[in-house]
Each structure stands twice: as C-alpha cells, then as structure tokens.
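Trainee: Chains B and X supply the protein sequences, listed in that same order. Plus 751 on top of the position in the first sequence (first one is 1) and you've got the working numbering. Numbering-wise, the working numbering puts 3 at position 8 of the second sequence, and it's gapless, one number per residue.
One or more of the hints may lead you astray.
Estimated spans, in silico, between C-beta atoms of each pair [what the hints assert, rightly or not]: (1) X:R29 <-> B:L777: 27 to 33 Å; (2) B:C771 <-> X:R520: 52 to 58 Å; (3) B:R756 <-> X:A107: 45 to 51 Å; (4) X:M76 <-> B:L816: 34 to 40 Å; (5) X:P148 <-> B:V815: 39 to 45 Å; (6) X:A425 <-> B:L777: 55 to 61 Å; (7) B:C771 <-> X:A196: 49 to 55 Å; (8) X:E371 <-> B:L816: 47 to 53 Å; (9) B:L763 <-> X:A382: 48 to 54 Å; (10) X:Q476 <-> B:L763: 27 to 33 Å; (11) B:R782 <-> X:R520: 39 to 45 Å.
These stretches of chain X come out as covered by chain B in the derived footprint (C-beta under 8 Å, 3 or more residues) [to be verified]: (12) 386 to 392; (13) 512 to 523; (14) 594 to 605.
Hints were generated in silico from the structure; no laboratory data involved. All C-beta atoms, glycine included, are put in the ideal place defined by N, C-alpha and C.
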Amino acid sequence: MTPKRRRLTLALVALVMLACAAALMLRALERNIVFFVTPTELAAENSRINQRVRLGGLVEEGSVLRSADAPGAAFFVTDGVARVGVSYSGILPDLFREGQGVVVEGVLGMDGVFVADRVLAKHDETYMPPEVAEALKRAGQWRGAEPAP
Amino acid sequence: MIVETGHYALILALALAVAQSVGGLFGPARRSARLGALADSAALGQAVFASLAFGALVAAHVTSDFSVANVASNSHSSKPMLYKVAGAWGNHEGSMAFWVLILALFGAAVAAFGGNLPASLRARVLGVQGAIGTGFLAFVLFTSNPFARVFPPPLDGKGLNPLLQDPGLAFHPPFLYLGYVGFSVTFAFAVAALLEGRVDAAWARWVRPWALAAWSFLTIGIALGSWWAYYELGWGGFWFWDPVENASFLPWLIGTALVHSAIVCERRGALKSWTVLLAILAFSLSLIGTFLVRSGVLTSVHAFASDPERGVFILALIAATVGGSLALYAWRAPRMAPGGTFEPISREGALVVNNLLLATAAATVFLGTLYPLFLEALGGEKISVGAPYFDATFVPLALPLFLLMGVGPSLAWKRADARAAFVRLRFAAALAGAVALVVLAIEGGARILPALGIGLSVWIAAGVAVDLAERIKLFSAPFAQTLGRARHLPLGRWGMATAHLGAAIVVAGVTASSAWQTEKIQMMRAGDAVDLTGYRVVFEGVGEVPGPNYIAERGTFRVSRGSREIAMLLPERRTYPVERQQTTEAAIHTTWLADIYIVIGEGDGTGAHAARLYYNPLVPWIWLGAVIAAFGGALAAADRRARTPATAGAPDARIVI
C-alpha cells in the first residue's frame, strides 16, 4: 500500500468507528433520556403514563405514610398547585423530610400512583435541588430569594 | 497578620506569574536568552509565594480564625484537626487557591527538572504555564479571595458539609487536582511546540513523563472519589455515571490516549499533531471539569458556589485557554512536517486503534454529560441522562479496547506478524477462553457480559505475563540470565506491565461486582437474622454513641459463616448539630475477595430499623487495581530514557542562546 492509501484506510476506519459510536449514542439517548416534569404537568398530561420521568417538588406536609414491615414510604409530591401520590420501597435518604424538596425518578402507573425507584433529597438545609426550584417556579409557588424568570 | 501575609504573598505570586509569562513567551520570540531565563526564576518564586499563601490559609483554618470569612463559613471549632486542615481545600475559595498552588508547583518542577530541555522550549513551556497562572491567580484574587475578613467576627463557624468530613475526601481533591493541573504541563508543552513550529521524538520523550505523572495522580484521585462514594453515600455502588464523576473521567480517558500516542510519536515519529491535540484536550477537559463541578451548574455535593460573576470569569478563562490553544492548533498544526506512516498490523497500529477507541469513548461520555445542559441552555426540555446510556455506549467501546490490550504489547514496531503474536499468546488466549466458558457455564448461559468481562481480565493479565516472561526468558534460560534480563528491562516496560495488570484487576472487580452483587433491603428488629450469600447476619439493636462533633445512632450486626463468627459490623447514622445535617456511614467487612456492606436507615419508632445489606464480590479489586495502575504509571514516568539530555534527540539548530 502506498502511504496515501494507508492514510486513507486509517481515515476510513476512524470514520466507520465514529459512525458506529454515533449510532450507539443516538440509540442509547433515545431510550435512556429521562424527562423532568412537575406535579402540575404530570397531572395534566396523560401522555407521560408508563414513561420513565423525574418528578420534582416538595414532600407534602403530613402526607408521609411508612409501612411497618418493609422499608419505604408513600407520600405526595406537590408544587403547590397539583400533587402526585408516590410510592417507594427502599431506604429513604437522610435528608428526606416533610415540607422539603425532593426529586423522585420512576414511572406513573395507570392507577395514578407514581412508583419511584430512586428518591433524591437535597444535600443540606439551605440547598434546594435546581429541579425543585424549577418546579416551584413553573407552578408560580416560588418564594425563594431570586425572582421567578 | 498571617492572613495578610498570605494575601500579600498571593498578590506577589500573581506579579511573578505575569513576569513568567512575559519572559517565557517574549524571550524566545525576541531571541533574548536573559528574558527567557527570567521565566525560570519567576516560576520558582511563584511556587514559593503560592505555598506561603496557601500555608497561611491552612494556618487560619487550623487556628480557627473566624475573622476570615472563608474559615467562618466553612469551619467550626469542634471539628477534628484533620478536617480543619482538609477544610482549607474543602470549599470554593480554598480549592481554587489550592489549584493555583499546584499549578505553581508544577511550573517550578519544570524549571527545576527541565534542565535537559532546549532553552527556548523550556522558556515557552514556562511562559504558557505563567499565562494560565496569571488567569487563575486573578480569578482567585478578584472573585474568590480566601483571605477576605468579616467584621464583626462570628463566635463560631458554620461548619463543613459532614459528607466531606471523611478521610477519603480529605485526600481526594489534592490527588484529583494534581492530575487536572498536571495536564497543564503537557498542555504547555503542546502550545510551546506549536509556537516553536516543531514536534519531534525528543519532544514526545520530554512530554511523556509529565503526562504519565498527571495520569497517575488523576487515577488515584478518581479511585479515591469512587471509594468515598462507595462507603459514604451508602448506595453500595462504586460508580454512578454522575456528571461530576464524568467530569473527572473525561480528562482521564483523553490522558490515557495521550500517554499511548506519545509513545508512537517518540518511537515512530508519527501521530505528531494528534498527540499535540490530545495534550490540549486533556487540559481543556480538566478545566471544563473544574468549571462544571465548581460552578453549581450540576447538582452535587461538589457545587460549592453559584455566584454568577465567578461563573462568567471562569468561563471566560476557559474560553481563552481552550479557544486560544485550539485556534493556534488549527493555524500551526497543518504546517508541521507530516509524520511517518505505518502498517496496520504493528504496535503503532494497535496504539492508533487504542486512541480511536479512547477518544470515541470520551466523545460519548462528553455528549451524555453535557447534552442535558445544552438542551436546557437552548430553552428545551429539562432532561437527565442516566447510567443506562453510559452503560450502553461505554461498554461496547471498552470491550474491544481490552481485547487489544492483551495483544498490543506483544506486537513488534513497524511491521508485526499477527500470526506469530497469536502463537506466542496461545496459552493466554486458551486460559482466557476457558475461564470465560466456565463463567458462562456457571451463569447457565443467561448473561454473556460477565463471562466476557472476566475472560478479558484474564486475557489482559495473561498477555502481560506471557510478554514479560518472553522478554526476560523466564524458564527458557538459566535463572541468573533471567534475573539479569529483568534488571536490564527498561523501567517503562515494567511500568506498562504493571499498569496493564492493574487494569486487568479493575476489569475483574467491575465485572464481578456489577454482575453478582446481592442486595437485601428490609425492616429489622433486634434479634432478626438475614442470610446473605452464604453469610448469616444477625441484627442486635441500635445504640446512641457520641462523636467529636456529631451524635451517632449505631447499629450492631454480627456476621457469621457456618458456626464461625467473622465480624461485627457497626453502621451509623450521624447527626451533625452544627450543620444540622445527617450522614450515613456504611459498615464494611472486606475479605479482599468480597465486601459485606451494611447501611442502617431510620427507625420507625417501634424499634424496627430499615437495613440495607450488600454482598459485593471483588469490589476491593477496583481500588486495588487503580492503585497498581497508578504505580505502573509512576514507574514508567521514572524511566531513565525520559531524562536523556536535549542532544539525544535531533540536534536543534534553532536553540536561542
């Protein structure tokens, strides 16, 4: 092979690999993107049923029910306008509290119960996950320092 | 007084950084050796003053001087000493000051150990380093001054995020930064080479030890971070494809590619402009990683501050560094003499494929990490890209890479005989294949990935062993001769073998712990027992235990196997009153072949506690392998061949003295 042909072959191999990688990425992205929704949006749109989403909001005061024999809890996530019932079996994070911000990831079933397999609470007292702040802003319930956009 | 001295030293360091960049960049251009030599002394001076400044900050933290804003908002008098010291870099201002310190130390190292470099190259390398230092020192002084005072000083501090009060975390940032900032040296070499207009074998030989050192530090830093996430976050996993983890993984992937492409550049004179590009990208990704993590764009423990002014400043710095160097690259790289060509079946051919795979993997991780940010910035939906995306894209790229790792080192330079290489490796291939089949049989053919992973791990390790054994003629020559050959084998070879062996161990650990982890989550009352993969775990109850600056709820679990008691595990839930925060402390019993991992959750008020128990096979191998790989990198960096004087390369007619 001449040096030029060799270089061409190398470029072709690189291109094929990039194309494969791009195909892999697109396929993986298509299947694995998780949309963020607020309780209001989830209550309004039926299209999200059986689709994996992230739901952000506040844990409604007085709504947390813990089961006696298995870890986990059922609670409402609210943005002040609408609320969604969430059930979760697993250990709740240390900073999970009533009235505090939370992000849950899972699927809304036909029965209207959101079955979460991940619960993310904020890291400290003063910090609110951006998703929760966003949900409160979208619902017009934001009382934080910065004005709603 | 100490604080003002530190502040003043930081300003002097900035002045010296300016002098270093002016001397280093204009000296060679004006053919003035004196101006160029200014960069050397400025670099040493900058390191001295940056050390003084950071020392002053540590002193303020150790003595709990709450008149300093940084100490008041991140420390507390009841904090243990280790975390008072580590707290100096456990916050935004301190961590940036630390970043600047390491940059200055690397600059001084180039000035001190770069005696074998041509004077003009050394001056330019230091000049580029000085320019980066100028930008970041200005950033620290003007937007994130760690020495700012508060008046009146508070009686006590606000404390440090308890999640960060942990020995693993005390040492994770220094190593990570040594890695990130270490790539500034290779970046400076790349820009200097573009300014000089030449890249040759000698250049590659000088760059390699710096790239290897940065790579080793980054490896340790990432491993420490992953270890911390494993035992502190209490999720039982070691890697979550969290954006913050990815931010440190990206420069690692590109750095790994760089370490390999520099060999081709040194030995065969090929891949020159590619190597320069990788050096630029490795540091650019380090900067982007620092920005993503520090700016608060990403939701994580790492997001210290989200002051928009700082974000804009650091973004401008990144734009200047990344944009400037890439523009220079686009302008100068095409003018460089093209490198040699090579056969597809050869050591360099294998290294090219290695680079393609690593670069593609970096691209997929980059896209997955930043796509949500781009989409949101463009006003689109708010989305997240989780672990399944990365598993689906990264694993198919990693498998051929591991396959190549077993055979690559056995191929000859220039033109290799593929058949001869496979004949030499037939035992390794047979062993790996047999192990993979056994795993597949145990799995019942249900899953193919565990068999592939374990088989590839054996393949890499056996490939390393066969290659080393051949080189030192183990068993085929008298033992004394073998010893002599082993002694004369270059350190770089030992380093490569060690690093690849470390990688094999990591692959085994990752495969086994992902495939065969057992998880049990349940409510437990005192006296309850659980069976966990052959172990019996009995819960004996919960008690309250005071700590230095927290109160812990401590569970007691007895682990036994058959009739033999193996361990007593004491997981805790700690409440930090100062920070009003709780953390989970997992209790881990390791046999080096597996971990038994227990986390205790909140009680339900009637005496039952949620407990999460894991059996994690081979998980300690992940960190063990990473440390071995980093040690291999250090060995290779110490290779004598890397320190040959300037005259060993092509004689440089254009040295300006």
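Trainee: Please go over all the hints and tell whether each is borne out by the structure.
Mentor: Hints versus structure:
| no. | hint | verdict |
| --- | --- | --- |
| 1 | X:R29 <-> B:L777: 27 to 33 Å | violated (57 Å) |
| 2 | B:C771 <-> X:R520: 52 to 58 Å | holds (54 Å) |
| 3 | B:R756 <-> X:A107: 45 to 51 Å | holds (47 Å) |
| 4 | X:M76 <-> B:L816: 34 to 40 Å | violated (44 Å) |
| 5 | X:P148 <-> B:V815: 39 to 45 Å | holds (41 Å) |
| 6 | X:A425 <-> B:L777: 55 to 61 Å | violated (38 Å) |
| 7 | B:C771 <-> X:A196: 49 to 55 Å | violated (33 Å) |
| 8 | X:E371 <-> B:L816: 47 to 53 Å | violated (34 Å) |
| 9 | B:L763 <-> X:A382: 48 to 54 Å | violated (33 Å) |
| 10 | X:Q476 <-> B:L763: 27 to 33 Å | violated (46 Å) |
| 11 | B:R782 <-> X:R520: 39 to 45 Å | holds (42 Å) |
| 12 | 386 to 392 | holds (count 4) |
| 13 | 512 to 523 | holds (count 3) |
| 14 | 594 to 605 | holds (count 7) |
This entry does not satisfy hints 1, 4, 6, 7, 8, 9, 10, going by the numbered hints stated previously.
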